[in-house]
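> Sequences listed follow chains A and B, in order.
Numbers 1 to 130, taken from UniProt numbering, label the letters of the first sequence in order.
Numbers 1 to 112, taken from UniProt numbering, label the letters of the second sequence in order.
It should be emphasised that the hints constitute simulated quantities derived from the structure, not laboratory data.
Here a beta-carbon is modelled for each residue, glycine too, at the ideal position from N, C-alpha and C.
Where hints are given, some of them may not hold.
[Claimed, not checked] Residues of chain B placed beyond 10 Å of chain A at every Cβ, according to the derived structure:
no., residue
1, A53
2, A59
3, L64
4, V68
[What the hints assert, rightly or not] Here are the in silico distance ranges between beta carbons for each label pair:
no., chain 1, residue 1, chain 2, residue 2, range
5, B, M57, A, A38, 29 to 39 Å
6, B, V37, A, L8, 28 to 38 Å
7, A, L8, B, G18, 24 to 34 Å
8, A, R96, B, T52, 51 to 61 Å
9, B, A53, A, V102, 41 to 51 Å
10, B, G71, A, V5, 28 to 38 Å
11, A, G59, B, V47, 13 to 23 Å
12, A, T35, B, V40, 18 to 28 Å
13, B, G71, A, R96, 27 to 37 Å
14, B, V51, A, V66, 16 to 26 Å
15, B, R30, A, V122, 26 to 36 Å
16, A, S110, B, M57, 30 to 40 Å
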Amino acid sequence: MTDFVRGLRLWFAPQRIREEGETPDYRFSLANERTFLAWIRTALALVGGGFAVDQFLPGLRWGVRVGMALALLAAGALCALRAVNHWVRCERAMRRDEDLPVSRFPTLLSLAVGLVAGAMVVVVLLGWSG
Amino acid sequence: MAGGPGGARGPAVVRDPGLQPERTRLAWRRTTLSATVGAVLAAKQAVHDDVTAAGLMGAGLSLLVWLVFLGVSHRRMVALGTARPRPMTPRGAVLAAACTVALAAFGAGVVL
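Next up, chain A with everything else stripped away, as it sits in the complex (with noise of 0.2 Å):
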């Protein structure tokens, strides 16, 4: 937990990134940055999703139609703050010389994206959809 606030201090203070172990090669660091983009990326599609349900399937209920765009929604917010984290993290580990750090949230984000999937097959087939 000291090590998440730790982190979270880097966030809004840059330059006492600088001050831990020594800057790595530039091309690692820019690498870095585009995981971190396309985890953006990632994290701009959930919204959009979450929009798109709200404004492109009226015919939902509104419970489901605002159940589904919420979690979209919270799941692409969820996913632009972890960007952030773990490019924190990559980086101080980096230039400490550590390893890479590991992380569960890509399984816990493509299991979650399968199980709608799949959850949205079986409303079709059985013709929910209206």
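Given the structure of chain A, go ahead and fit chain B onto it with the hints provided.
Here is chain B on its own, set in the frame of chain A:
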């Protein structure tokens, strides 16, 4: 903006054969496009059926979020124009993520 806005590179500067700065710049551009789509969806959501004051304010807010993201990504793309760019600042990362979270929060507000 081919070659980057800060592309005052002399011919003597050794370029990275892996084109890492260029790839990173393109990644920023892709992300900006995604943010544009998100902001357009948000604005459309705000002025849904009829144009109201609240709807116009929502559209203005999403335009503001989009402009912030555009500013962050433009600054970073300019910074990537050098041969050996410095790492991204955490401030830029936080701002980019904050824009995404703001769009999500905005969406939640409209949906409810």
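> Which numbered conditions among the earlier hints are violated in the structure presented, ordered from lowest to highest?
none
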